[in-house]
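Student: Sequence:
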Amino acid sequence: MNIDYAEDWPFCPCAEQMLKQHAHLVAEKNRLLRDEVDRYRKHVTKLIDMHKDAALERDRLRIKLRDADSRISDLLRDACDSWATINSQKYVIDQHREVMRSAGINPERWGEKV
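Taking my numbering, the leading residue of the sequence shown gets 1159, the next gets one more, and so forth.
Just so you know, nobody snuck in bad clues.
Between beta-carbon pairs, the in silico distance windows are:
id, residue 1, residue 2, range
1, 1195, 1227, 40 to 48 angstroms
2, 1223, 1244, 25 to 33 angstroms
3, 1240, 1220, 29 to 37 angstroms
4, 1252, 1213, 52 to 60 angstroms
5, 1236, 1268, 31 to 39 angstroms
6, 1182, 1214, 43 to 51 angstroms
7, 1234, 1212, 25 to 33 angstroms
8, 1213, 1235, 29 to 37 angstroms
9, 1221, 1267, 53 to 61 angstroms
10, 1236, 1263, 33 to 41 angstroms
11, 1244, 1271, 15 to 23 angstroms
12, 1271, 1220, 48 to 56 angstroms
13, 1214, 1244, 41 to 49 angstroms
14, 1252, 1231, 29 to 37 angstroms
Lysine-lysine pairs mimicking DSS-like chemistry, simulated, CA-CA at most 30 angstroms apart:
id, residue 1, residue 2
15, 1200, 1210
16, 1248, 1271
17, 1187, 1204
18, 1222, 1204
19, 1210, 1222
20, 1200, 1187
Hint data in this document are derived by calculation from the structure and do not stem from the laboratory.
These numbers come from a predicted model, not from an experiment.
Glycine included, every Cβ here is placed at the ideal spot set by N, Cα and C.
Model the full structure from these sequences, guided by the hints.
Tutor: Dropping the structure here:
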């Protein structure tokens, strides 16, 4: 029986060449992984910048919201004061009408529509 051994084949790499090739492949994989890590670091840097910008915008909007809440509170307080004045004036007008009616004065004379 005739068995061929790998060492006798033409173009078959020897152990030293195989180790060189393996070292080259490991070095290339290492370079690719470093490039990928660099790319991820850039992405993380961009994300950190985006987060910082979002935090600044959030703080700016929080201040704006607080100012708007304060303004709304002031306007509601003013509206409440206005409604109190209007209600007291309506009460005075109703009292005036009752006095005029009880005095027997014609409603047309004091401006009420009949």
